[in-house]
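K.L.:
Residue numbers (my numbering), protein chains in the order written: chain A, 581 to 941; chain B, 581 to 941; chain C, 581 to 941; chain D, 581 to 941.
Please note: incorrect hints may appear among the correct ones.
Which copy is meant is left open, so a pair is good if it fits within one copy or across any two.
Stated by the list, open to error - Keeping only pairs whose Cα atoms sit at most 25 Å apart, straight-line, the calculated PhoX-like set for lysine-lysine is:
1) 653 / 893
2) 849 / 893
3) 779 / 745
4) 849 / 896
5) 766 / 722
Simulated from the structure, these hints should not be mistaken for lab results.
Since this is a predicted model, take the numbers as computed values, not measurements.
Protein chains: 4
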Amino acid sequence: MSNTLGKEFSVTIFGESHGAVIGTVISGCPPGLDIDEHLIQTELDRRKSNSPGTTSRREPDRAEILSGLFHGKTTGAPIAMIIRNKDVDSSPYGEELEVPRPGHADWASFIKYGGFSDHRGGGRFSGRRTAGFVMAGAVAKKLLAEAGIEILACTSELGGVKAGKASPQEIKASRRNEFFCPDINKIAAMQEAVSQAEKDGDSLGGVVEAVALGVPPGLGEPVLDNLDGGLAKAIFAIPAVKAIEFGAGFAAARMKGSQNNDPFITDGKNITLATNNAGGITGGMSSGMPITLRVAFKPVPSIAKEQDSVNIKTLKPVKLSVRGRHDVCIVPRAVVVVEAMIAITLADFAIRARIIPGAVR
Amino acid sequence: MSNTLGKEFSVTIFGESHGAVIGTVISGCPPGLDIDEHLIQTELDRRKSNSPGTTSRREPDRAEILSGLFHGKTTGAPIAMIIRNKDVDSSPYGEELEVPRPGHADWASFIKYGGFSDHRGGGRFSGRRTAGFVMAGAVAKKLLAEAGIEILACTSELGGVKAGKASPQEIKASRRNEFFCPDINKIAAMQEAVSQAEKDGDSLGGVVEAVALGVPPGLGEPVLDNLDGGLAKAIFAIPAVKAIEFGAGFAAARMKGSQNNDPFITDGKNITLATNNAGGITGGMSSGMPITLRVAFKPVPSIAKEQDSVNIKTLKPVKLSVRGRHDVCIVPRAVVVVEAMIAITLADFAIRARIIPGAVR
Amino acid sequence: MSNTLGKEFSVTIFGESHGAVIGTVISGCPPGLDIDEHLIQTELDRRKSNSPGTTSRREPDRAEILSGLFHGKTTGAPIAMIIRNKDVDSSPYGEELEVPRPGHADWASFIKYGGFSDHRGGGRFSGRRTAGFVMAGAVAKKLLAEAGIEILACTSELGGVKAGKASPQEIKASRRNEFFCPDINKIAAMQEAVSQAEKDGDSLGGVVEAVALGVPPGLGEPVLDNLDGGLAKAIFAIPAVKAIEFGAGFAAARMKGSQNNDPFITDGKNITLATNNAGGITGGMSSGMPITLRVAFKPVPSIAKEQDSVNIKTLKPVKLSVRGRHDVCIVPRAVVVVEAMIAITLADFAIRARIIPGAVR
Amino acid sequence: MSNTLGKEFSVTIFGESHGAVIGTVISGCPPGLDIDEHLIQTELDRRKSNSPGTTSRREPDRAEILSGLFHGKTTGAPIAMIIRNKDVDSSPYGEELEVPRPGHADWASFIKYGGFSDHRGGGRFSGRRTAGFVMAGAVAKKLLAEAGIEILACTSELGGVKAGKASPQEIKASRRNEFFCPDINKIAAMQEAVSQAEKDGDSLGGVVEAVALGVPPGLGEPVLDNLDGGLAKAIFAIPAVKAIEFGAGFAAARMKGSQNNDPFITDGKNITLATNNAGGITGGMSSGMPITLRVAFKPVPSIAKEQDSVNIKTLKPVKLSVRGRHDVCIVPRAVVVVEAMIAITLADFAIRARIIPGAVR
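Just need the whole structure built from these sequences, with the hints factored in.
P.N.:
Written out as structure tokens, the structure is:
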């Protein structure tokens, strides 16, 4: 079940960059949820983004729901959804892989799959697969919304330009700008960084920050199926992710216990936490505080700039300038993808912890 | 199967800090592997550590193998192992949880399990469960060694004191000092930091760095059961972990593509990579380069210093000074635990990718 | 992962009888296998059957492969396949379920899914889902054929008419007659039974017998993931199955040990078994002998004859004569479905036991 | 996870016939359940049985609970339990397997595990592993009892002697006789059959019949994780099982639809079924009727009577008379084991369908 995420709310992904479709099947979605193609489309459109430096490949990415709905509601049956690949140009890719592109999965997949991989546009390893994540995430978000859970993400850093610390309100407002940046004072600098990288034939990385609001205590199944571990596993399925931290993250390693521990406080009725260095997770379970995390994306590996590679047939060194249509920086487009993976993971844990009824009785 | 890690080489964990035992069951270990209690004990003893600031709880942690061996070799049957808890002092803990300790799982587990959790010493959420991880890791390491894979970890940072970048040889040599620090020039400063924290009734965190050598390309099952995602999930099962990064990690987010991409080079016979910013993983699969990762540990939450908490029965605020016997810093003791979780994960992926035959025919 | 069968070769199913499609996603199929739509179609066509008493719904059932192939070969990526529902007539079904049909899943699914199920034509519980099984089975069979494993099934009993014991050759030859009956002397009686039931507005059941040839010893992962248990689980996913037996099955319960045990014999070079009462499975593992099993199908629940039911809104008893287009007996059409479920199960166990390499290195 | 059954209520098994222990770990048992060793012991004692023809191996089978309880209640943590093997006599078994015993797993496991299996007393393939099933089943039964679900089984047939059809009351009463036979008129004949087989150095099989009362509609997760499929998979993990049928089973294959369909009836308030040919399962889900099933056990393969086998080292034919201490018929002892496997399976499906809260909130 290598290709399926989640135990009760399970997501399966299929499709390739230059194949017929990108698709997903959700199994275990509870019945009675209002879902339509418009809901899916809204999320898919956020993934397309219009920020400068985005690929010139123009895909309509129209969601088709193939199963699992009746009278506009989920039925408890699997929900299959696809988008069709329309604007495919395989001309920059030969019949077979000859020169693996540095930073891509070309080489590892060539070895692992004995040379049978579809290498065109990265095949299944392409970022296009994240459209499948986003479609599944749209359903997961809708489900979580029923339980009062909301997931928000933004571009926290891009090409070395850092946004200031953002409140949930600012993160939400960031959906209005094309960088999904919560700090409008940094947008110009981000734009400049992208333009420069584009001019240089180079690419940029960055950091996506996310928060999940309204998560009750008790999500996560310790000690080997933890909430943080589950979120990390889901998020590392996004191409280009190299690191994840929860709450204070790496900074916590430099704190004293007395600084890092989140004290309990009370108003005489409820117990809550005064701070949230833990990022809403203790002992692998949600604590009731917002879940906060940060995800590092490496720069896009496809660059026009010349790089060293090797022709795998002749075993001769070659200089490679990656052709094809590529993003200079995918961080803004990854914002909705990070939200999707968080939503899929929380939906599964919420069903398993009975926050959301999985099957009705 | 919330309590089981791995699909073909599967590890189940049981036991509590103040219960009778800590134990593990390994299922799917291939037959014919030489295993004995001495092998397990050697790893358990590394976890005990003797560094200053380590808990005064003195457990012999004697490994007992209950099943799965015949004539000193694995048989393909499940391997159950336990250590008995001997030096248990439950006196600092009441019959029931009254005041949740900040930074601990007390509160989330109290809610999730309806007040039925064993809270003494943190119960199953205690760091003692990592003894189970280490026992399973000892078997996984032995299995990987047959395939030429070696896993090494060290204390890269402790209480803000950073070791310089370490070679695999230096990491290996670090086993000789009590901090497992690869940079002997930093040991005195680490010792000083621990002494000071101890004096202050406070605690410290740090960073463990690890490398897996000899991993062939192709481990990991994309796109939803990736090697990096699997490692992250396993490592987040270790108490106090708040972040993980592979290769250049968060630093990659600030690089240009031309800086971060690892170029391919050749000697005319083999293809390899000139650098390893990817930390040995591309597209969710091993690339053939060493797998490198860094893990952030928050400071130990149990501190003598007074903290704010709330009595969950009276709903009154209380000042809490955590009694019981605790470490000031668990980072050196966590080194072998990180190694264990990496080993368990690689063993599973290696079997699934046919690097190691799972069942003989 | 309720909707996915198999651990390394995993099959996910989606679609409803009166929805847009029936589909399947295969994950973990090894790369390099020659697959095309013709191969899938040949198996789908066997499922359509032309035997008397088959539904008048006329579906072309054209297989479309959406992903997972490159240059006509599998790539190791998920293989998604669909057929479109063309000849749908939902007129006999109201907007909502009012009167559950006896013998169907209508009632249990109404309760389980809170009234949100798509009840038209049985929705996802319809026998049409078996088209998804057959598509996945076609790929599994091709994979097994590479390892010399062949799966054959036939109609062993229909409406009380029993075929004599059949050899593998006779089972294979049975594909030529419309009842898939290995005993040509019984075809006329089967035809007569179907005609009579049709006249009576009634339906028939029967028994499918299957054999898997060329299965080497060692498939199955004891003691909780056994070959017989895995086959049974897969086969009970076929609608209308009520019983399964391996080898001598229920008859073994009446034998003495001395009669039932299969003795070992040798030609001085190889060891084999003189008889096969065990049906090729001992200790949950294949023994090297042919795997033999028999599956009981209840009669089709949809009958024209009046039956007692209850209107779930008015809670009044009603007489129900099931309209819509239905088979009188699905046993001949189920033959290829039983083969498919056996193939899917054996493919998964074969990959896991390293009989077939799952990922190439 | 080959060695683990169930998704949310998961059972792992370890131990060998001639090893130190037989054990089990239950993960995912909800908190707050009253469990003690006496409860486990009562079920273990039923497995020992005192019927004539039972092995002379005398094991106290004392249950030890190693983890998962606090103040006599489950905590949500894994429950590990063991019994120690005390009366082991390995003298009839050599250092290595030389002559595989017909009807046993000796041969298949020798091949699968490359000769490394512990063959003494059948190793992990011995019926002794069912003590682990019974311990886990005791917890599952307790959990189900909270939801009003009761599981009852009996010896329906032994050595060809058939008991008449039994009501749940008669099945329950059968616990009082040593054959667990619901039809007291047949006990003498069963006794006679056992005595005769013992005299002949031969062995007997039989049929266990079971019923689960109080199961609400909606257990089972269609279409690939069905209730019948799950029960079948669990029950085939019991050694010597060769067939299973639900409700009318094989007899349904010979009925007409009008005979086999269970009509719905109503008292104006509730809807129920007039008959139960389906055995309480339609569409892979419980229907609300009692779940009824029958399980065929082959005769014990270990017999004193001479059989043909082959020495695997010399490849010469040999005559084998199985020494060691064996049962003549295990059917009465299997009654509680069948109950246990049903209980484990229902507990998992009940938690997943929210009949029983898995985690408290």
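K.L.:
Hints first: check each against the structure and report whether it holds.
P.N.:
Results for each hint:
{"no.": "1", "hint": "653 / 893", "in the structure": "between (53 Å within a copy, 21 Å between copies)"}
{"no.": "2", "hint": "849 / 893", "in the structure": "between (71 Å within a copy, 11 Å between copies)"}
{"no.": "3", "hint": "779 / 745", "in the structure": "neither (30 Å within a copy, 34 Å between copies)"}
{"no.": "4", "hint": "849 / 896", "in the structure": "between (72 Å within a copy, 9 Å between copies)"}
{"no.": "5", "hint": "766 / 722", "in the structure": "neither (31 Å within a copy, 51 Å between copies)"}
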